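2 protein chains.
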Amino acid sequence: MIAQEFIEANQEYAANFSKPKLNRRNVLVVTCMDPRIHPYEQLGLKIGEGGIVRNAGGSAEDAINSIVVVQHVFEVSQIAIVHHTDCGATKFTTEWLRNKVKEANPGRDDVAQTIDNMDFHTFTDAEQSVRRDLKYLAENPLVLKGTSVTGWVYDVETGKISQVDEVVV
Amino acid sequence: MIAQEFIEANQEYAANFSKPKLNRRNVLVVTCMDPRIHPYEQLGLKIGEGGIVRNAGGSAEDAINSIVVVQHVFEVSQIAIVHHTDCGATKFTTEWLRNKVKEANPGRDDVAQTIDNMDFHTFTDAEQSVRRDLKYLAENPLVLKGTSVTGWVYDVETGKISQVDEVVV
Chain A
-8 MIAQEFIEAN
2 QEYAANFSKP
12 KLNRRNVLVV
22 TCMDPRIHPY
32 EQLGLKIGEG
42 GIVRNAGGSA
52 EDAINSIVVV
62 QHVFEVSQIA
72 IVHHTDCGAT
82 KFTTEWLRNK
92 VKEANPGRDD
102 VAQTIDNMDF
112 HTFTDAEQSV
122 RRDLKYLAEN
132 PLVLKGTSVT
142 GWVYDVETGK
152 ISQVDEVVV
Chain B
-8 MIAQEFIEAN
2 QEYAANFSKP
12 KLNRRNVLVV
22 TCMDPRIHPY
32 EQLGLKIGEG
42 GIVRNAGGSA
52 EDAINSIVVV
62 QHVFEVSQIA
72 IVHHTDCGAT
82 KFTTEWLRNK
92 VKEANPGRDD
102 VAQTIDNMDF
112 HTFTDAEQSV
122 RRDLKYLAEN
132 PLVLKGTSVT
142 GWVYDVETGK
152 ISQVDEVVV
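Which chain is which? The protein sequence lines are A and B, in order.
So the first sequence is residues -8 to 160, counted in our numbering.
So the second sequence is residues -8 to 160, counted in our numbering.
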């Protein structure tokens, strides 16, 4: 079981623990939950520096709750959207996933209704999906005026990031 | 600007890049976006091992899209919910944040309506919020039968995790 592995690994971590220096670099990174993504190392952030939101695909729309919190409570004015090549979100469609969930819940009209109202923000091209997210944030009145939103693609084959665009809201 | 810092840090990362060994440990970790949280090191996960979802507070409810994806597309059957002490989500309430957004958007009834439909899953006690999330997942038909959901609190003062509970859905 993973629980016992976590407990043992954390004992070692806690034994060598020193409180991280907080050096908030006024940035929120929104990126994918994929195990190959390591935003700290890939972007040069240390623990204590910058908030990191992760979800399936690195969707800005799915991250909107956290974006509102980080802007209105913590006054963060730079957001970086980082999607990646070979993303899981390119391997299926929202329609396919809705049908799979419905098939797993036969006769459950409530589940069918819930899943039909969920969008999984899938895409076929990481650069296009980053542009879609930049547009979404630029047009969203919940995002504070003056926010810099940069968009990036991380290449899982090379470890390189490429900047797609920047918008100032 | 943070963009230039990311580019420079990533050049060094990419220069030393080797593709991570994929060793998926059949777990999705849901935790907070807080800069003091480093789920890999704190739980003993290496890059390539396990999906990581992060949002404000580490809310399971806010992470439901990603949970559905990881279960139905990637067949992950273990979920770990990790909240932490001194969390930002204990420093405000949903009502306070809704009012703050409304004040920043005077006369915008559309914004008021949108924000009134958003819930920020704030809490006063991390252990209680973990229990709330375990209950939410246990009762949610979108979560696959047989899923093990463990709940944890990470102490930012000591680096230690404590297991709160486990439910099997």
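Hint data in this document are derived by calculation from the structure and do not stem from the laboratory.
This structure is a prediction, so every number in the text was calculated from the model and none was measured.
Mixed in with the good hints, there may be bad ones.
Since the list can't tell identical chains apart, any single copy or any two copies may satisfy a pair.
To be verified - Cross-link-like lysine-lysine pairs, in silico, DSSO-like; alpha carbons within 27 Å at most:
1. K136 <-> K12
2. K151 <-> K37
3. K136 <-> K82
4. K12 <-> K37
5. K126 <-> K151
6. K82 <-> K93
7. K10 <-> K151
8. K151 <-> K93
9. K82 <-> K151
10. K82 <-> K10
11. K12 <-> K91
How the hints compare with the structure:
For the identical chains of this complex, K136 and K12 are neighbours neither inside a copy (30 Å) nor across copies (42 Å), given an alpha-carbon limit of 27 Å. For the homomeric pair K151 and K37, the shortest alpha-carbon distances inside one copy (18 Å) and between copies (19 Å) are both at most 27 Å. When the C-alpha separation of K136 and K82 is checked against a cutoff of 27 Å, the pair qualifies only between copies, where the shortest distance is 24 Å, while the shortest distance within a copy is 35 Å. In this homomeric assembly, K12 and K37 come within 27 Å of each other (Cα to Cα) both inside a single copy, at 9 Å, and across copies, at 23 Å.
Taking CA atoms no more than 27 Å apart as the test, K126 paired with K151 passes inside one copy only; the shortest distance there is 24 Å, against 40 Å between copies. When the C-alpha separation of K82 and K93 is checked against a cutoff of 27 Å, the pair qualifies only within one copy, where the shortest distance is 19 Å, while the shortest distance between copies is 39 Å. Taking CA atoms no more than 27 Å apart as the test, K10 paired with K151 passes between copies only; the shortest distance there is 12 Å, against 30 Å inside one copy. With identical chains, the CA atoms of K151 and K93 are never at most 27 Å apart, being 39 Å at best within one copy and 40 Å at best between copies.
For the identical chains of this complex, K82 and K151 are intra-copy neighbours only, at 22 Å inside a copy versus 37 Å across copies, given an alpha-carbon limit of 27 Å. Taking the shortest Cα distances, K82 and K10 sit within 27 Å of each other only across copies (20 Å), while inside one copy they are farther apart (40 Å). In this assembly of identical chains, K12 and K91 lie within 27 Å of each other by CA distance neither inside one copy nor across copies; the values are 45 Å within and 30 Å between.
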